[in-house]
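Trainee: The primary structure of each chain is shown beneath.
Protein chains: 2
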Amino acid sequence: MQPDTPNNNHNPKIRRLEITDISKGFIELLRQLTVCGSVSETQFQDRFQELVTEGENHVICVIEDENTERIIATGSVFIEKKFIRNCGKVGHIEDVVVDVSARGMNLGKKVIDFLTAHAESVGCYKVILDCSSENKAFYEKCGFNQKEIQMVKYFT
Amino acid sequence: MQPDTPNNNHNPKIRRLEITDISKGFIELLRQLTVCGSVSETQFQDRFQELVTEGENHVICVIEDENTERIIATGSVFIEKKFIRNCGKVGHIEDVVVDVSARGMNLGKKVIDFLTAHAESVGCYKVILDCSSENKAFYEKCGFNQKEIQMVKYFT
Numbered sequence: 016m017q018p019d020t021p022n023n024n025h026n027p028k029i030r031r032l033e034i035t036d037i038s039k040g041f042i043e044l045l046r047q048l049t050v051c052g053s054v055s056e057t058q059f060q061d062r063f064q065e066l067v068t069e070g071e072n073h074v075i076c077v078i079e080d081e082n083t084e085r086i087i088a089t090g091s092v093f094i095e096k097k098f099i100r101n102c103g104k105v106g107h108i109e110d111v112v113v114d115v116s117a118r119g120m121n122l123g124k125k126v127i128d129f130l131t132a133h134a135e136s137v138g139c140y141k142v143i144l145d146c147s148s149e150n151k152a153f154y155e156k157c158g159f160n161q162k163e164i165q166m167v168k169y170f171t
Numbered sequence: 016m017q018p019d020t021p022n023n024n025h026n027p028k029i030r031r032l033e034i035t036d037i038s039k040g041f042i043e044l045l046r047q048l049t050v051c052g053s054v055s056e057t058q059f060q061d062r063f064q065e066l067v068t069e070g071e072n073h074v075i076c077v078i079e080d081e082n083t084e085r086i087i088a089t090g091s092v093f094i095e096k097k098f099i100r101n102c103g104k105v106g107h108i109e110d111v112v113v114d115v116s117a118r119g120m121n122l123g124k125k126v127i128d129f130l131t132a133h134a135e136s137v138g139c140y141k142v143i144l145d146c147s148s149e150n151k152a153f154y155e156k157c158g159f160n161q162k163e164i165q166m167v168k169y170f171t
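Going down the list, the sequences are from chains A and B.
Using the numbering used here, the letters of the first sequence correspond one by one to residues 16 to 171.
Using the numbering used here, the letters of the second sequence correspond one by one to residues 16 to 171.
Do not rely on the hints blindly, as some may be mistaken.
Distance condition first, Cα-Cα at most 20 Å in a straight line; then the derived EDC-like pairs of lysine to aspartate or glutamate [to be verified]:
1) A/K96 - B/E65
2) B/K96 - A/E155
3) B/K162 - A/E163
4) B/K104 - A/E155
5) A/K162 - B/D110
6) A/K141 - B/E33
7) B/K162 - A/E81
8) B/K141 - B/E65
9) B/K104 - A/E135
I should point out that these hints are in silico values taken from the structure, not numbers from a laboratory.
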């Protein structure tokens with residue numbers, strides 16, 4: 016591995032999603048997670064602005080490769096306000112993905128730690144996420160424990 | 016069973032949570048689900064108003080026993096806005112509980128159907144929830160299938 020390859024970028028910065036990140040491969044990265052469809056720049060910007068209005072209650076983080084200026088990891092957390100637990104709050108982590116070329120660099124843990132710290136900072140009593148059984152060990156390394164099962168109903 | 020007992024109320028109405036429902040045992044009902052702490056009327060009203068500002072993106076439904084004027088079932092759904100799936104939306108069902116005295120009357124299914132229909136009506140491509148393995152069969156009856164596992168990290 017050469018010193019200037021992306022994989023040698025040992026301490027890449029993590030930051031919040033910016034409106035210009037669509038040109039840095041943000042949607043292409045999400046396609047490694049699941050179906051995205053053809054998200055236009057306008058659609059991206061509209062959804063971005065909608066999420067901005069949620070402030071600290073919906074945060075998306077990204078890691079950008081400083082050499083290539085491409086987004087190589089992302090994840091989101093949104094805050095649910097409840098009545099239970101003294102009108103408590105819960106962080107829900109969603110849509111975590113690391114670019115195939117950047118795996119094995121602990122970027123996934125960096126993303127989870129960022130989102131978890133955010134949930135704690137806004138007063139959540141817990142943070143939860145759903146994952147496949149294959150990813151259980153990874154999340155255990157991030158300090159999570161299995162609790163329940165996820166049920167789903169698709170409309171389309 | 017007498018004709019006028021609550022359990023003989025075969026078609027109880029389901030509606031959205033109202034700010035006066037704290038006096039109808041809403042918090043006491045949630046205590047059958049988990050720890051609630053001492054939620055004061057002011058705390059309840061403040062959280063209620065916060066959730067009202069989320070409009071169709073956070074809906075709590077209740078079933079009231081018309082004889083006793085007590086809340087005997089509830090559940091909530093909030094809508095997550097994503098970039099994946101053509102900037103799709105997902106409904107998250109939370110905090111479903113039926114009063115012990117009113118179980119076996121299909122009120123749980125009524126709550127789930129209401130919340131699921133809401134998620135579909137606002138354009139979600141799926142609705143999800145986390146539950147214990149013991150409740151899996153109930154949610155299968157409601158049209159859900161098991162998909163993933165839930166991981167949790169507690170802060171307190």
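Trainee: Are any of the numbered hints broken by this structure? If so, which, sorted upward?
Mentor: Hint check: 2, 4, 6, 7, 8 and 9 fail, others pass.
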